[in-house]
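Engineer: Here is how the chains run, residue by residue.
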Amino acid sequence: MGKLIEIRDLSKVYERGRQKVEVLHHINLDVDQGDFLALMGPSGSGKTTLLNLIGGLDVPTGGSINVGGQRLDQLSPGALAKWRASRVGFVFQFYNLMPMLSAQRNVELPLLLTKLGAAQRRKNAAIALQLVGLADRAAHKPTELSGGQQQRVSIARAIVSDPTLLVCDEPTGDLDRQSAEEVLTLLRALNRDHGKTIVMVTHDPKAAEYANHTLHLDKGTLVEQSATV
Amino acid sequence: MKYLHLIWASLFRRKTRTILTLVSIIAAFLLFGMLDAVRTSFNQAGQSANGAQRLQTGSKLSFIQTLPQSLEARIQQVPGVKMTTYANWFGGAYQDPHNQVFSFAVAPNYLDLYPEASVTPEERKAFNETRTGALVGEVLAKRFKWKVGDRIPLQSTIFPNRQGSKDWQFDVVGIIHSTDKKSAGFFDQLFLLQWKYFDDTTPYNQGTVGWYVTRVGDVNEADRVAKAIDAISANSDHETRTQTEQAATASWMKQLADIGLIVGSIMGAVFFTLLLLSGNTMMQAVRERTSELAVLKTIGFSDVSVLAMVLAESLLLLVLGGVLGLGLASVIIPIVSAGSGGMLNLPRVGAASWVLGIVLMVAIGLLVGAMPAIRAMRLNIVDALAGR
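Line by line, the protein sequences are chains F and Z.
If you count by the numbering used here, then the first sequence holds residues 1 to 229, one letter each, in order.
If you count by the numbering used here, then the second sequence holds residues 1 to 388, one letter each, in order.
I should point out that these hints are in silico values taken from the structure, not numbers from a laboratory.
One or more of the hints may lead you astray.
[Said to hold, decoys possible] Counterexamples of contact, computed for chain Z against chain F with all Cβ distances above 12 angstroms: (1) W8; (2) S24; (3) S62; (4) P68; (5) N280; (6) R287; (7) L320; (8) N380.
[Said to hold, decoys possible] One side only, chain Z facing chain F, incomplete, derived with CB under 8 angstroms: (9) K2; (10) H5; (11) I7; (12) A9; (13) S10; (14) K166; (15) S291; (16) K297; (17) T298; (18) G300; (19) F301; (20) D303.
All C-beta atoms, glycine included, are put in the ideal place defined by N, C-alpha and C.
Next up, chain Z with everything else stripped away, as it sits in the complex:
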């Protein structure tokens, strides 16, 4: 600690250069914090406590392939299955194609499998009794100022109705409230319509569903039940793949985009650039201070102390910038989430992100400081004082 003022003063010897480097480090770790939140958000999808009991069955070929609705009865008969439901992707947009609405056409019992989504019994009844009825997530309703009784026009990006138009009309009959924090982002944004109305109205894929959701009686039986469900359609033209909800969500996300790879690639490029930038700063800083480092050695600082001081300077630079960057991300993420009207539900920078961030700061700090520190350690006093 007694060397801290010396390290701090050395770091800010060239204020402008150090501040510019610090800004770069802050920007890199701000980006890291935000992208890591996106990655975490995707990883958390399908991880609710109730999700462990649910299996998802989709086409083995692709998630855009549908399955016959007749499978429901056969899945229901598999030993270990407690309840089965089904749904179909609707792909709705409100007023503008940019206002995408996360919309599913679902079976009447769909919400029975999702206790983390709460709807009053009266609203459930109204949904089941209203052909054009829709249940709307709380945040979604707030975003578009919808309320029960409103008639909502949605444009499906995929499915036309029998008249060939992609414009559909729905009546809001209830609001979905999330009871589980982990899945709040999903249900708060959801728009549920009746599968029956959807299937009767569109000329596409009639009598088929996008996927089945099955609740098993015993979580330990999930593997066996999944295999048994897939065995029903084995060697047919609609072979299935049954997975846990978490695995299915991850697989579905992966078909959309490999978020881990994208985030990893961006961060790799950012940190590589940061390595070069801060490495150059440290090399320049040490080169400029050759005679000062020689003076330190002259008055008795050992080679190892000089090495440690340069390394500490590099670590201080990275940790200072990194902590400020991640701190800024912690402040900005909730603002961005709130500003998106619920469209983005990014988690706060958690302990795991902080730990990973600090490990990165230390690793980059050591890498960046290693060369100038070794150079400073090997400095020959007589040559350095003579300006050689």
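In isolation and in its complexed conformation, chain F is listed as follows:
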């Protein structure tokens, strides 16, 4: 299986006022197409920063990052936005749904950036909601859904434009055990049955068990790699 993500000598330095904080130090990492990778590590270890760089939300200070043949470190902000729209889906810890829109409308959001007509957008969103088991909740607003359901809506939003890569930042961090297991089962199904490559940041070793591999970061450096499957 080919490599989807190739990271070479990647560094990230944040400037906070006069202070420079090096969050990632010369990271080298390859992720195969169709892999499910969990990133673990203590708070401040650089997990989310690495995830943001893989998802094209941030740009590295040094090194290169290649996702699906595209050098993200060389793209302009506009080109990076276009790349994100078509290639990557995001799942956040706190779901980050638009509270004033229904589940259906939330899932449709990424499709607004495509040339699809309204009817096709509605149809695709309905399919995505069906895939996460929430077809009957399409008209509900986020406040009318449980945490687990909201996270499933956010997964539907992440997959609706059929991206190759899903990046998930603590997707179960705000959920009870049962909802967390439902969400993780769903992510595993998306990986196994639909071939989505998933990179997931988690603190929870049980959540990491759903991934194929787990990488540990500490103080901005990859320290350990373990296979769970």
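Given chain F, put chain Z in place with the hints provided.
Structural biologist: Below, chain Z alone, put in the same frame as chain F:
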């Protein structure tokens, strides 16, 4: 258009706040519509088609200064003058000082210069033959339920009669009907009495008139004729200023009050307050949605699309409130005009007011949306998602 539901939903995310802001915008544009109608109404005074042929001659010093009646014959002799008449302000009130009546003491030929005011030949004859006769505008007569044959007591706010009383008696001999829409508000409200009766009865300003009205044979000759009329009284104690009817009316209005300045000042203050109010609403709305805007950027909305959406939201707020406000003004103005019994003859909200209103809505919308839109455009996704 495909973003409209998103913009609409964002606008009404906080319903109460948005509705309160909308109400303020509606109130501001309702006021704009009504005040603009007042301004237009004042601007339209003296703009009838026949007015182009008429010159008005008054004292160069002030409109309250009178001129000798003997000038009439000399004005009549100026080449290019077709007809001259004169009038004097009477300043009447009916029953109560608040019931002001727009009343002039006029020469017998006064209405010959105003074909836009129609009176039957019999009524004209009765007016000329009745010393205390009065011709009354249609709306005015309706307002006070006057009819031909009625004896009307008017109190002059300025002129007493020879007995020292300001109470005057008039006999209604005819009703004036307007034939020109533009000047309808003027003639429908008019009360005409005989200058001769007025001049004989009051001990003030005898043998003088308030102003002359002259009809010229050729409109292109108006400037020359005006100069020639003013030359008659040059270096005398009653120097004159002759202007077109429109200019004279505007100048007269300006001596009463600069309506344009008053309306402009009020609207300036209203729109400045609106700018601050809706600006604050938009700033708050965008600040509260920082993480939502970051999510939009995360899923691929460009910086420019986010900027455009916030600007569109601000424009939608202003245009929605503005159109509702001006629409409400369009409904209320005819009701107010009708309710005033003809005292107020405000024009409907016309195309020019709508165009000016829409330009204001767009300009305020862009101004109000600019800062929050730029803030949203510059939003750093990582910082915003981290709540920094």
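Engineer: Which earlier hints turn out false for this structure, listed by number in ascending order?
Structural biologist: 1, 8, 11 and 14
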